[in-house]
Amino acid sequence: MPKQNIGGWRSGLAFATSVAGLVTLTNLVCLLVALPIIDMSRNGEGYLYTGSCKTAKQFSIWIHLAINILATMLLGAGNYTQQVLTGPTRPEIDRAHAKQTWLDVGVSSIRNLGKISFKRVAAWMVLAISSLPIHLLYNSVVYFETSANKYWVYPTTHRNLVNSSYPYRNEEFDALKTSLNEFERLTNRECMAAYGQKLVSGRSDVILILDPSTVDTEFAYTVRWSGDPNRRGSEPYDWMCGRKPWADEQCDVSSLDVDNWPLYSDDKWVNKTSPRVEYCLSKQTPEYCKLALNIYLLAIVVGCNVVKLIGLGLTWLCLKQQPLLTLGDVMASFLRDPDPATKNRSLMSKSSGHRLFWGPELREWLPRKHRWAASVSVLRYGVTVVLCAGALSLTSYLLHLGVEHVSVYETPSLAALWNRGFGQVSVDTLIDFTEIMTLEGPVVMVLVANLPQLILSLLYTALNGMWTAMLVGVEWNTYGQEHKGLRTSSPAGSQRKTYWLSLPLRYGLPLLAGSAALHWLISQSIFFVRLVIYQDGTKTNVQGPTLVSYDFRETTCGYSPIAIVFTIILGSLILLITVGMSLRSMTTAIPVGGPCSAVISAACHAPEGDEDAALKLVRWGAVGGTNKLCVTSWPVEPPEIGRLY
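Mapping the sequence shown onto numbering that gives the first Met the number 0, position 606 (from 1) lands on 605, and the numbers just tick up by one.
One or more of the hints may lead you astray.
Unchecked claim - Pair by pair, the computed Cβ-Cβ distance ranges are: (1) Pro634 to Val305: 53 to 59 Å; (2) Ser395 to Thr54: 56 to 62 Å; (3) Lys319 to Leu31: 33 to 39 Å.
To be clear, the hints were calculated from the coordinates, so they are not data collected in a lab. Note that beta-carbon positions come from the ideal geometry of N, C-alpha and C, so glycine has one too.
Hey, can you work out the whole structure from these sequences and the hints?
Right, here's the structure in full:
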């Protein structure tokens, strides 16, 4: 391989291609492994695991973490490649300057698309379009199907339980008495922990053994369904406090005394002496939580991965001419071959909010140190900050609505939200879409659940562009401090090798890690839900010899308030860091150049006799004995205030 094909941006592009290939291969292997276990008659759905809800949930969390890492790697590879594609060539810059306009250098730029070759624009579009379905579908390829049981509550005494002649007046309870070997004895504390939750899995009917000294000779009984998503406004465990299903007051299990657990007096509950629970008998059942995979969604993701690889292949084919990707590349090009369109324009500056002045007149030097934000266009800065702030505000509003909704069930607090679980499915945090749209079904719910992922990817791209523009400006500003070598894609002489384009690793990696963390947090904040409520948690022959009959099944989206809180905190932190960076002051008063090709070109007119300046250590400043301000390898002086240059 020729030496010029090794290192520089080609190494970065080769790495990006390798990353995309690795992600594609990983997804393809998963697709091939999953094919034999998928029942195509069930809309392409298949189960990777069935059993313990805790185990299924843990698998789901780790798989989604892996998915978000792979998606972030793919996003980073795509952004790098798109920046390479929009990097202008020298002829493209010269044509723009001849028309008194300029191009972005060192950043991923949409404004450059209208001024670069059609082939590169096509490759850029292929990469952009292939990303959309991935961000919309990837996180819902694998999802957690929650199961829970409806159950009956039977208060009785030990004597009445073992007395076969006792008329409980309930056929179901009489049947239970013949299968007491399936029941597990629980202490009051264990019973409260097992049944004091919104969704009970692994257990069904419960018999409350009462203290006979607190029970009247005759008393009625009650039964109550549990875990019914169709009954809102009450908790499944309200019976623990003696509540009616329609009672306004909610049951606080933590306030109950395990050593003195009364079933409060009510003429329709048991008796008027508030019998106390001695212990519980709980019927154990298998758990049917599932980790499901949708083969159609995975196939679409793999297809998009392949299309992205095609886009990367097109990138290799259409980059026949060396693009100028870094600030050093552009400076080296202009130092070797100065652009006549910017001659005698030493003080051309691109301060935010000001148009470029193309006139050749001498201008007075009035030093002014700018902030990092000066390198970012007003449009880019405003759009990025407003979109990020808007996304955080909308998320905060949705959190407010969610907390307001769950406040019906408990007093809202961080501790209460944390106790609800991180990314856990709860009956009262299921989203009812019937009031806002008529569409339904798993595909629609997948799109709704993953729309925030797409929005986050767009915000990451905007933030990445803003950070890059600021850091290009900072790098340009450092040439006013001391003589230093240019950081180029293909270094020679005193030039420095680059391991990135324009976003140093100490900035790029934390931003990428923050994006990956946010993607995962969002996947735990709003998620696709398949909730199945079983009648009794036992296998029946209703739907076949190996299926379990269920009473209720709902496909919707759920949300986790505490995960949303963490999302808002991390998102706000990233935005505050971004704004804080933009308010930092530049070190020197060199004219603001940032990613503007014209400003860099105007400063790179070295004095006659400064041969091969691009290969030497260079600095911006005033050349002694002249009115010339430029980047040169010669010794320079600080510009004189008020002097014309």
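Hints, verified against the model:
no. : hint                         : in the structure
1   : Pro634 to Val305: 53 to 59 Å : holds, 56 Å
2   : Ser395 to Thr54: 56 to 62 Å  : violated, 34 Å
3   : Lys319 to Leu31: 33 to 39 Å  : holds, 37 Å
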